[in-house]
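Asks: The primary structure of each chain is shown beneath.
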Amino acid sequence: MSKIVLKNIYKSFGHTKVIENINLEVEQGEILSLLGESGCGKTTTLKLIAGILSPDSGDIYIGEKRINDLPIEKRKAVIVFQDYVLFPHLNIEKNVGFGLKMMGKSKDEIKSKVDEMLSLVSLEGYNKRYPHELSGGQKQRIALARALAIEPSVLLLDEPFSNLDANLKESVRDLVMTIQRKLNITTIMVTHEKEEAMMYSDKIAVMIDGKIEQIGSSMEVYNEPKTLEVAKLVSSYNLIEGCSKSNIIDLFGVKIKSRFENEKVSIIVRPEAIVIDESSSIKARLLREKFAGEKKYLELELGNIKLKAVADSSCNFVEDQEIGIRFLEDKLFIYEVKE
Amino acid sequence: MKNSRLKYKLIAYSMVLSIILPLLLIIIWSFANRWQWPSLVPTDYGLRGWSYIFGARAKTFEIICISMCISFIASIITVGITIPAAKAMAHYNFKFKKQIEMLIFLPAIVPTVVVAMGIHIHFLRMNLGGSFSGLVLINILPCIPYSYWILKNVFEIIGDKMNYQARVLGASSTQTFVYITLPMIFPGIITALSMSFIVSFGQYFINVLIGAGKITTFTMLMFPYIESGDRTMGSVYGTVFLFASLIGLVIVEKLTSSMYRGKLKEYKYV
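Line by line, the protein sequences give chains A and B.
Per our numbering, the very first residue in the first sequence carries number 577; after that it's consecutive.
Per our numbering, the very first residue in the second sequence carries number 80; after that it's consecutive.
Hint data in this document are derived by calculation from the structure and do not stem from the laboratory.
Note that the structure is a prediction, hence the values are computed from the model and not measured.
Glycine is no exception: its CB is placed at the ideal position from the N, C-alpha and C atoms.
Among the clues, some could well be false.
Only some residues are given here: those of chain A computed to face chain B with a beta carbon under 7 Å [as the list claims (entries may be wrong)]:
no., residue
1, 628
2, 648
3, 649
4, 661
5, 665
6, 674
7, 675
8, 678
With a straight-line Cα cutoff of 30 Å, these simulated DSBU-like cross-link-like pairs (lysine-lysine) come out [claimed, not checked]:
no., chain 1, residue 1, chain 2, residue 2
9, A, 704, B, 177
10, A, 579, B, 240
11, A, 831, A, 808
12, A, 687, A, 650
13, A, 758, B, 138
14, A, 623, B, 177
15, A, 593, A, 872
16, B, 174, A, 593
17, B, 174, A, 677
18, B, 333, A, 593
19, A, 808, A, 650
20, A, 872, A, 831
21, B, 240, A, 779
22, B, 177, A, 593
23, A, 593, B, 240
24, B, 240, A, 704
25, A, 689, B, 177
26, B, 177, A, 683
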């Protein structure tokens, strides 16, 4: 069983704190996404688990075993890097079989495992090719096959799909995730794309400035973001500053209940929380509309605040038109403004 | 368009000529008995120089062999000790890194004469003066900056991600070095070896000093003739020197690549 546990991990480079008190548990067979902006310490976390970096303090467990002092090669925690890092002087067969050769496996064993892995990533017959002869998507699949060939206890994916173009991304992503499920291998994926994180993971850990702000299922993180920063990271949003007086916030004339008594508040209004309703008394002016196929992105102006909204593409608007809108109260997120 | 191509060709040819012409002159001079101004070509040809240096008294072959041996061994040791240094400098961060790098470059900055004079006393105390091993040791000195610089650049280009990827896949640090690092820096090794060989083979003063008259290297044979103005003899030695270093280079290249490919023949370079 290969559960990953991180306990009170700290890591600094010089005087910069990169990781601050990270606690994490990933159950056997689960995919956890580390979601955050670049520079927030996601990749550092992966490197700590793989052993490329060692933590200043804290414990890392794989299964029941504390692996802090285990050398990289004994951890069986394989990273697949963003840029694939295939060995350019070795052909595909040798690349995929590299880990097995290092373990001292016999030639026949290596050969059959390599063939098995290549068929798993649907690249049969590529044995004798060299990395420079492959396309980006193929390289990514080979990198995955190479990682899986050693039957690792943990798979670590570092922005694995960010170098692929949109069409390819989807198919490679589906393939990788299907394989992950099939092999039931504990996986941590680092990503900065909210959709990718939400679609493909069992749990999301939202990282901000070296700390984990919230861990939960995609639904939890999306529907109940604990802090303003998390809310900003998991969806597109409109940010409105307001004031809570006796637990009531006045949002353009609409009275909204708030858990803060008398406080300055930030309100996150997601585009989908704004509904077009001609009968509504709140009228916003349409600045611009962007047609995107099945939906339209609207840019509205209310008072002197600009709002992003989405509408069905069947709606017909003209620019500068006054549109009646309504806020979905249960989809507004209210946070205290920190001084 | 045509004009610019002509200009380009002219520049290219004149550059090549400026390298070739002096070499050509040396070769012609080596066969000349008399070549005085204003004659465009020598007025009298002969084999005086050639018959002298390949005559029994000159021991030319023996001396070339010793010189080559010294340079080969010195180059191999140089590359051997600069690989770890270059890797450390390219991939790790530590205190006094800049200062240590300065130290490595010191042989290229401080005139070798000064360094060799200082070392000479210690060599004499350690009984290395006038010995083969002493000469090899002193020849390593001027080669280090060149070999280090070439290898450091190679390590910087490759980066350490490959190594980490190999380690993560289960390779020990030794296995990583043998199967990943070495094959990837191999072109750099050949260049560093060749460069070191050339630098070492051309050393004069340190050889005179440390060799102490007991061991003669090829440059020591050449110098008196060039100094005394016997152009024919100087040119003969110059020509031999040129071809000897060329042969040395070819040997370095062939030996290393055949040795390496033999050991790891399944690996191919991209």
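Asks: Are the hints correct? Go through all of them and say.
Replies: Here is how each hint holds up against the structure:
For residue 628 (chain A), the suggested interface contact is upheld, since its CB lies about 5 Å from the closest CB of chain B, less than 7 Å. Satisfaction of the interface hint for residue 648 (chain A) is found here, the shortest Cβ-Cβ separation to chain B being roughly 4 Å, below the 7 Å cut-off. For residue 649 (chain A), the shortest C-beta to C-beta distance to chain B is roughly 5 Å, which falls under 7 Å, so the interface hint holds. Taking 7 Å as the C-beta contact cut-off toward chain B, the hint placing residue 661 (chain A) at the interface holds, the least distance being around 4 Å.
Contact between residue 665 (chain A) and chain B, as hinted, is supported at the beta carbon level, the nearest pair being about 5 Å apart and thus within 7 Å. Hint status for residue 674 (chain A): holds, given a least beta-carbon distance of 6 Å to chain B, under 7 Å. A cut of 7 Å between beta carbons decides the hint on residue 675 (chain A): the least distance to chain B is about 4 Å, and the hint holds. For residue 678 (chain A), the suggested interface contact is upheld, since its CB lies about 4 Å from the closest CB of chain B, less than 7 Å.
Under the criterion of a C-alpha separation no larger than 30 Å, the hint pairing residue 704 (chain A) with residue 177 (chain B) is inconsistent with the structure, at around 44 Å. Of the pairs offered as hints, the one joining residue 579 (chain A) and residue 240 (chain B) holds, with about 26 Å between alpha carbons and a cut-off of 30 Å not exceeded. Between residue 831 (chain A) and residue 808 (chain A), the direct Cα distance comes to roughly 23 Å. Compliance with the 30 Å bound is thereby established for this hinted pair. Among the hinted pairs, residue 687 (chain A) with residue 650 (chain A) is consistent with the structure: their alpha-carbon atoms are about 23 Å apart, no more than 30 Å.
Of the supplied pair hints, the one linking residue 758 (chain A) and residue 138 (chain B) is violated, its CA atoms being roughly 76 Å apart against a limit of 30 Å. For a cut-off of 30 Å, the pair hint linking residue 623 (chain A) to residue 177 (chain B) stands: about 28 Å separates their Cα positions. About 42 Å separates the Cα atoms of residue 593 (chain A) and residue 872 (chain A), which puts this hinted pair outside 30 Å; it is violated. Restraint check for residue 174 (chain B) and residue 593 (chain A): satisfied, since their Cα atoms lie roughly 20 Å apart, inside the 30 Å limit.
This hinted pair does not check out: residue 174 (chain B) and residue 677 (chain A) have alpha carbons roughly 37 Å apart, beyond 30 Å. A distance of roughly 51 Å separates the Cα atoms of residue 333 (chain B) and residue 593 (chain A); the hinted pair therefore is violated under the 30 Å criterion. With a C-alpha separation of about 39 Å, the suggested pair residue 808 (chain A) and residue 650 (chain A) falls outside the 30 Å cut-off, and the hint is violated. Under the criterion of a C-alpha separation no larger than 30 Å, the hint pairing residue 872 (chain A) with residue 831 (chain A) is consistent with the structure, at around 28 Å.
At roughly 28 Å between alpha-carbon atoms, residue 240 (chain B) and residue 779 (chain A) fall within 30 Å of each other, so this suggested pair holds. Restraint check for residue 177 (chain B) and residue 593 (chain A): satisfied, since their Cα atoms lie roughly 25 Å apart, inside the 30 Å limit. A distance of roughly 23 Å separates the Cα atoms of residue 593 (chain A) and residue 240 (chain B); the hinted pair therefore holds under the 30 Å criterion. For the given pair, residue 240 (chain B) sits about 24 Å from residue 704 (chain A) by alpha-carbon distance, which is consistent with the 30 Å threshold.
A C-alpha spacing of about 47 Å is found between residue 689 (chain A) and residue 177 (chain B), which places the hinted pair above 30 Å, so the restraint is violated. Annotation: proposed proximity of residue 177 (chain B) to residue 683 (chain A) is violated, straight-line Cα distance about 46 Å (limit 30 Å).
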